[in-house]
Every structure is written in C-alpha cells, then in structure tokens.
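> For reference, the chains in residue letters:
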Amino acid sequence: MKSGVTAADARIQRKLGLGPRPNDPLDLDLETWLDMQLDAEPDWRALNSVTDMSEQIVPWPGELSWSREERVARLQKLRRGREELDASNLPEHERGKQARMLDRQYQCKDMDQQKFANGCIYGRDQVNRRLANFWFNHFTVADNGHLTVNMMMNHYEDAVFGMLKESFGDMLYASTTHLAMLSYLDNIDNRGENSKHARECGCFSGINDNLGRELLELHSVSPARNYVEDDVGGAARILAGWGWTYDDMQFPRGASVREPYVPYFAEPGSKTVLGKNYPHGKDALRLLTDNLAADASTLDHLSDKLAVHFIGEGRSGTEVMRIRQAWVESGGDLRRIHRTALLEAANSGEKKFLTPMLWIFQLSRMSGAMVFQGTTDDVRSENYWQAARIILGELAHNFWLRRQPNGYSDLKADWISNEHFDRRVRYAGFIADRCRPQLQADEMIRKYGFSDSTASLVAQGRNRTEKFILLACSPEFMEV
Amino acid sequence: MQRRQFLGLGAATAALAGIPIHGYTRDLPAGKVVLIILEGGMDGLTAVPPVGDPSLLQQRRSLVATNPLKLNPFFGLHPRLSEFAGMLALGEAAIVHATSIPYVRRSHFEGQNLVESGIRQPFAIKTGWLGRALDEARLSGRALAVDTPLVIRGAKAYDNFYPSSIQHSSAPDSRLMGLLSTSHEAAATDAFHKLKRIADSGDRGPRVRDPEGLAFSTGRAMRGPEGPSVAVIRIPEFDTHANQGVDDGLHPELLALLDRVLNSLKTGLGPEWKNAVAVTATEFGRTIQENGSRGTEHGYGSVGLLAGGLLGGGKVLANWPGLREKDLYDGRDLQSTLDYRSVFAACVEAAFGLDHDLIAERVFMEPKLARTHDRIFG
Amino acid sequence: MNNLRLSPVILAVSLAVGAAQADTRCVQEFLSRTAFDPGPVDGLWGRKTEGALKGFLDQVVGDPSYRAEKSATAEICRLMSGPRSEELLSAASLRDYYVTLDPDSYVAASTTAFDFSGVDVDTGYSGICRFQIVRILTLENNAFDWLSRGTVEIESGTLKFDKNSHEWRTGGLSDGTFLAKDANLKIDRNGMVHGRMPYFNYVVGPGEAARLPRYAELSYKHEPGEEYPDGTSYFLDTGSPSQIPFFRLDC
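Order-wise, the sequence lines are chains A, B and C. The first sequence begins at 1 in our numbering and counts up one residue at a time. The second sequence begins at 1001 in our numbering and counts up one residue at a time. The third sequence begins at 2001 in our numbering and counts up one residue at a time.
Treat the hints with caution; some may be incorrect.
With a straight-line cut-off of 25 Å between C-alpha atoms, the simulated DMTMM-like cross-links for lysine to aspartate or glutamate are [unchecked claim]: (1) B:Lys1070 with C:Asp2037; (2) B:Lys1368 with C:Asp2096; (3) C:Lys2048 with B:Glu1325; (4) B:Lys1126 with A:Asp300; (5) A:Lys412 with B:Glu1185; (6) B:Lys1126 with A:Glu479; (7) A:Lys109 with B:Asp1210; (8) B:Lys1126 with A:Glu350; (9) A:Lys351 with B:Glu1185; (10) C:Lys2048 with B:Asp1053.
Simulated from the structure, these hints should not be mistaken for lab results.
Produce the complete structure using the sequences and hints provided.
Dropping the structure here:
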C-alpha cells in the first residue's frame, strides 16, 4: 500500500512508537523508517544513574538479566532460604529483616521493571517496543504471587517481544505455555479429574478452568464466538498438566521450564472445543492454539483491537478490514499485520489518546529527561520515588501491578478523570524540576513541530516548569 | 503456597458523585448510597452459609468455616464479618441471599459491566445505574478511584477520589488548570476544571488511600445535606480460583477487609450513617463445589450485604432455592431466585425517594423489576 | 342424573370437604410461587403448609385478622386471588429469616476504649514529657526509625498529645489530629502508662498521600535484652508480629 504521509516526523513517531529522542532524525522516509524499526533487534539500553550529572546510557547489564531457568533457580533459592529462616530460632523481627534481605537478593521483579522502563526510554527500537507493550497488555500477566511476578519479564521478552516477527499462532502458544501465564491464571493447579495423579495417590484433583476460559474469551476468539461452558471445559482439560510450581526442587519427569508439561496431571482421553476434537497428550494444546489463532472471530477481535490501539477509537470499518486482510493474506504473520496496521494509523486523521504509560514514556524520551532510575540506583531506598514500579504504579498503569486479566483499557473515557490528570500535572512538574530535561518546552515545540495553538498555550506559562506542564498536558501532547 | 500479601492491596478505589443542586432537589430525601463492588465474584455460600440446609455439608463441607456466627437456625455468617454481625444485631444491616444480576455467562468482564450498567446486555450502554438514578433524582450536579466507574456515569461526568502520592510533587496550580481546561474539549475540559476547583477551594483534606482509609474519607466527605449522595468503593481480588481458604486465607482475609471497610465507612459517615445504605455487589457467585486447587470457579447466585441506618431491622431475606443437585443452576451453582437489581432499586428508592416504577423503567430499563423496598427497608 | 340418589346430608359434607381442599390448594398454589415453600401442592393441610402460610401472613400481609388456620383458607384464597394478588406475590418473593443475634454482645466499642478499672491512676500527677513512636529495625545495633515525635502533657494523670509543640512531627496524617484527639492514656502511681492509642506506621513525605492510623494497646516492655537505655518504652500491641512499634516516653 502507498502511503500519503511520507516522512517519519515527530507526530508519526509518536503515533506509531514511543516518540523521538532529542537526537533522533525526523525526516526519514516513512516506510524506510518503519521497516528499519520493524526489523530492529531488541535494544536493551538504560541510564546509568539518575544522580549522575552527565546522562550516561549503557547497555542493560547481563548480570541483571535472567533467563527462565535462572529465574526459577533464584526462586528456589529464595524458597529454601525462607524455609531455613522459618526453621531458625531467630526472633520474629530479625527473621523479618533477613527475609527482606533474601527478597532483595533473589527477587527479579524490581529490576525487571527498571529494565522494562529503561528499554522503553532508551531503546532505539521504539516501534517494536510499542507493539510488544500492546501484546503484553493483551496477554496480561500480573502480580499474583512470587512465581508469576518474577517470571513476567521473561514472558515479555520471550513470549511477546521475541515473537513479533513470528505468527500470531506462535505468540499465542508461547504465551499460553509460559510459566508466568500458567501461574497467573492458576493453570499450575489445573489437574485432570481422571489424571494419573488423581488415580494413583487419591489426591485431590480437579479442573481449574481459569486459563481455558481466558484463552477463549480474552486471548483469541472473544465471547463474540458464542462458545459454551463445554468449550471452556474442553480447553481447560487440554490445558490440564501444563504448569509446574517451583516448590518442587526437581523438575517433574518429562517437564522443563520451557515446556512445563507434566503428563502425570494431564486429563486422559480426547477433548472437544468449538466442535473440533483433540487427541490426548501434549500436542493437543498446539493444535488448539493454532485453531484458535486462525479462527475468524480471532481475526475480527484482534484486527479491531490493533486498530483501536494505533488509529484510535474512531477507526473506520475499512481500516479494520485492511488489517484483517493482511492477517488473512499473510496467514497470521505478525510483522505484516503490524506493518499494515501502522501504515493505516500513519495515514489516518484519527487521534489516539495517550494512556499514562505511553504519555510518560513519550515525555521522557522527547524531553531527554532522566525520569526513571538507572542500572546502579537502589530501587528500594535511594531516589525510590523514581523507581519504575513507583512512577508507573502512581500513574495506575503498570504491568506489574495486581490487576485483572483483561488488561488495561485503550479507551479514552477510562483514562480521563481529575485524579488521572492530577498525576500527569504532578509528574510533568516533577520532571521539569527534578529530572534535568535536555529540551525545555519551547525547544520541544520548535524541534518537534508542535502547532501554533500549542505554542500559544505554552507561552502563557510564567516559568520553565509551568511551560513544561502546559506542553505535557496540552491536547496535542496528550492525543496524537 | 503463594499466599497473597494484603498490605499490597492498593488497587481499591473510591469515587463520589451527586452533590445536590440548590433549590432543585430540596424536597427529596437526603439519603446516601454507597455501592461496594466486590470484584472477581464473591463466594456467597462462604460469607453467609445456609447452615440449616442439609445439603450444604454434603456439597461443600471443605468450604464452610469451622465456627460460623449463628444468625438464625437457617443462616450463619463467616466469623471474619464480625463488625457486620454487630450491625445486624443492632438492626442496621440486612442480607439478601440466592441472588444475582441476570447474567449467567460467567465472564468477569461482561458481569462487571452489567453490575455497573444495570441492564441485561453487556457493553450496550455508556451510563451506569447510579448515574441514571442521580439524573432522575436531579442530583447530577457537580461532584467529587483513579477512574470514573461506569456505574456513576450519567448525563454528566463526575470527579473521582484516589489521592496521588508522588514524592516531591506539587499540587496542580489553579491558573494552569484554568488554561488547560479551556484548551481541551469535553471530558478532559471537565477533569482539568475540577482540578482548578479543587485548587481554588484550598482543600488539602486528608489524602488517605488504603481501602479502609478510602472508606473513612468517603464517609466523611458524604456528611451533611451538601455532601455527595453516592459513592462507589471497589475491592478487587475475589476471584479465588486457588487456595480460597476457609477460616483463614485469601477469601476470609477479603471478607475481613470488607468488614473493616464497612466499619470505617460507618465511622466516616458519623451522624449521616442513619440516612445511609451501603450495598455490596459482585458479578457472580462461585461454584458450589471446590475445584482441584482448593478454590472455586465462576458461578451464579451469591449474596448481597446491606448496612446502614436506613435499614429496618437485621434480617436475612431469601427465596431459598435449596442446594440439592436438582436445585442448582446448571447442576453446579447456587440458583438466583431474585434479580439483584431489585435490591439496587430498593436502595435508590429508600435513599432518593424515587417511585419504584420510575426506577424500574428509567434506571434499570426493566419495567417488571420486582419491588423489594418494603421487605428490605420496612 | 335422574337415577342418582344421594342423601342431601352426604352431598353437603362432600361439597364442604371439596371446597376446603380447593381452598388449601389455592393457598398452596399461591405460596409455591413465593419464598414461603408450602411443600407439595396437594390440597392437604399439613404442618409445612401451615408454617409457610404463617410466615407469609406475618411477614407479607401483616393483618392479624387473617390467621394461619385451615378454616381461614377460603378467606385467604380470596385475598390471594383478589386485586392485591400481584402486589402480594411480589412482596412474598423474599422470606425473612429474622436475625437472632443479641445486640448487647455487639455494643460498638470506640477504637480507643480501655478498661482502667484495675489501674491506680495517679490523678495528682501533672507534667510535660517528650514522646517518640519508633519502629525497631534490628536489635543487633539497636537500630530503629522514628515514626512520630513531640510533646505530651500530663494533666491529673491523663496524657494529652500537644500538637502545638515546636518539635511535633507525625507520620500518617501529618497534622497528628488523631493522636491529639483519639489517644486514651493514663499514668498510674508507679509512673507506668496504660491505655490505647493511635499510631502511624509510616512517615509521609511532601507530595505523598497519608495513611490512617492503626490503634494499639500499650504494654510495658520489660524483657531481658529488649530494654532501651533512655526513657521508658512501651510495646504497642498491634497484633502484627512483623512490625514492632514502641512508644517511648522521656519525662
């Protein structure tokens, strides 16, 4: 498709990505820029420290990145440490203190949030990050205990970011079988009523349909598919046996962190979902996710969801159809689907209201301010209020918060309120005063080509801070 | 395993709406309604177990608290609801059992939408039943969660209440808020305008935001005839698929939290408690039987708790459907024998003095909605 | 029909029985559509029907002239099928299971109510002391952080927090109104303090939201290895073992 818009200027970068940084070029050809962005490899960079007067951008340190296996090993150490502590004779408060030290030593979640935020601000792959964040919200995993919250970042990196160039079916399967998801939606407790486990040990076994239900309702076909309880049950029975908890020090036979399928807990026999039969065994799940990924209702549901996210709530039926068309023609190839959706967004006159996370990432990038703590900052004490978990939590838009599996809303009405705006005003002022922006409001207006009406609004500010707040909260900055 | 930490439960929110307009609403009763949304699906059979029903122990022995408070020969109350028990004893609380909104598809998101919209079709309407009730009672003037819950959205937009906590930040400046308000449109204009109004009022009242604190502040803010008429408090995490807990644990902790929220609300409302009714709502109950992970799945019928001085005497109201296999909905859930919107309607009638037929038709769009006002408040 | 010979007496009796059964059935039919379950709709008067009817009359009709008796079923059936039928049906969609809890055992206690009956309050004592609320971080190096501090005025044995003192600072709601208003503390003849008080387990920085206080009973802490060198320390019994706040008084 030939686009009417030709240059990847600041507005386009904000609409399709996370916004330009002060030194990014603003005159590249749109499609050239877009292809470069879509082909980019994950670019994990970060600030060194918010207290460092000169902004130093460094690669995210390897010792603060953990693979799936390393995460599980850390959780096991944490668990063992806690067990030893519980068995010790230390006084209560001393135990509490040591438990906190264990947490700091082995928990991954705080650093994960730093890595996530820094990547979004300093990464040169802003479009893929925007896309990864979209899918991370679609496949919601959130804090519901140690296992999930400490595996989440790996879900982001492996099941979402790592799948952007694969098919939707690949992503759906990768996400469904990831320990973070299996644990978040309780599938680690989903055990077949007639499983070997149930028969042999007479233990309490039963289906937990949480993941099976959300797989249909949220992740793929949506309720528009008119499935019934039996379909949910079928999906749950296919999922029985997927998942494993780290309290067992050994991997159960046949399972690995990457493929945590435990036949011992699986429900024997064939299952039926949406009129299709699935055989017994591990492979049934891949068949199921592939069928769901290719279902017409999934294409309808997700083409529209992408359109709302990038184009806006006023997306047209034609725009959605063209995204769906790309889906059909490419057989669910995400890069092609994304490219189509993004070009539709670039050429649309519709506006999308920036959710708080998008807003603060764009404000941080475009102003060049040092908002989020860096790799050497202490997330629990020194400047803790600049930790990613605090800032995104305060904005009520943090993937790591406890929340429900339908993810954050993309609708404007859900993010407009005096309390939401109170936070934006406060953070804009905070960034202007304390985070050393490289570009002040006037400079951003000139560099990024904000409109005259925004310029005249900002001109009414009586000092740098006021001008910064007025720009950050102007209609043109909040909606693009 | 993975016992959840409740200190971290910061996601509870509160919102206020419906400040009377002078010379407009003088003749109507000045009652207050507080809706407490229990998100995730509360297990009504755990909160208020029908201990007199012989099938209870057969169906879910493992989920009944060891020592439920005995309300009467038929119904017990979970011991973690002790403050609420006190309200029942004093005649300022009521329970409605075997009830649900008319929704049986067991999806949180559709169910939560319907709890707030008050109609039958999910996502079909952009206003909520309390918002429409305020419109009918002409209480939809200006008002005071980070979000504006659907349930109070009516003809006008409302403020909300969940104070920010941003170290080294400054409160919004009145002049800037005025500038932003005029540069934006529609709802965004309103939101900035409200910030300007707050800045102008110089109100630096307590900014507290744990669930009990929110309930306390909410109650305090509602005091007096000038105070907002409705509030919504949201308590998440009732979706207990695993390790639900019986005497202790997840669900009992949540009941205890609800108990403290009701108590804080009562303290906050002070003298206004006598004109108030707090009513819980949840999108569905939970399955009658335990699942394989010591939790329960999404069900149908549940229980509603009401508290406040508007209520007339402690009681449990129900058209009890029974718990034998043949009595259950779909063979697995407590049947609902009462459209819970009837209870909402009774609260609106009691607080705002609106005619039931009007509430049924204009607020719930269900002309035949049963009137339960006299049974609950009589 | 012409050949039928029935004694008029027998006819009258069977008609009466038939009518009574029909009235019972009418009542049962109505009740079976309500929350007052009469058992099977069989026209037979029994305990279940009587109980359901009694509940219905008490809770819904509320007119003592209607009695839950078999002989009244004709009249009640007329009521049930009369103009009030719909209204009664709707009102009877719920049954009231009266709560029989004893209100006396649920007298609402204030957050700082305390029984001083066993305490020999030193009503003659007045003076000014400094207070701190501290939280113990570790016993090893005696490290703690303070949560609130300021001045306490003792008047006739009753402690009052003086929020106007220049060094006053509290966490939580930073104006400390709760401490000034809610504390219920008295000093005894041995110089020991008793009672209940609010305390704040957070210090709140500028721009941050406050928290409500917790309430705790004061108990004197005197265990080997857990004494503090300066002033008198009281353990604040919060019911939470992970936080051990102390109230410390220097007079």
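> Now, for every hint given, state plainly whether the structure supports it.
Structure-based check of all given hints:
no.	hint	result
1	B:Lys1070 with C:Asp2037	22 Å, holds
2	B:Lys1368 with C:Asp2096	22 Å, holds
3	C:Lys2048 with B:Glu1325	22 Å, holds
4	B:Lys1126 with A:Asp300	23 Å, holds
5	A:Lys412 with B:Glu1185	12 Å, holds
6	B:Lys1126 with A:Glu479	22 Å, holds
7	A:Lys109 with B:Asp1210	23 Å, holds
8	B:Lys1126 with A:Glu350	21 Å, holds
9	A:Lys351 with B:Glu1185	13 Å, holds
10	C:Lys2048 with B:Asp1053	16 Å, holds
In summary, this structure violates none of the numbered hints.
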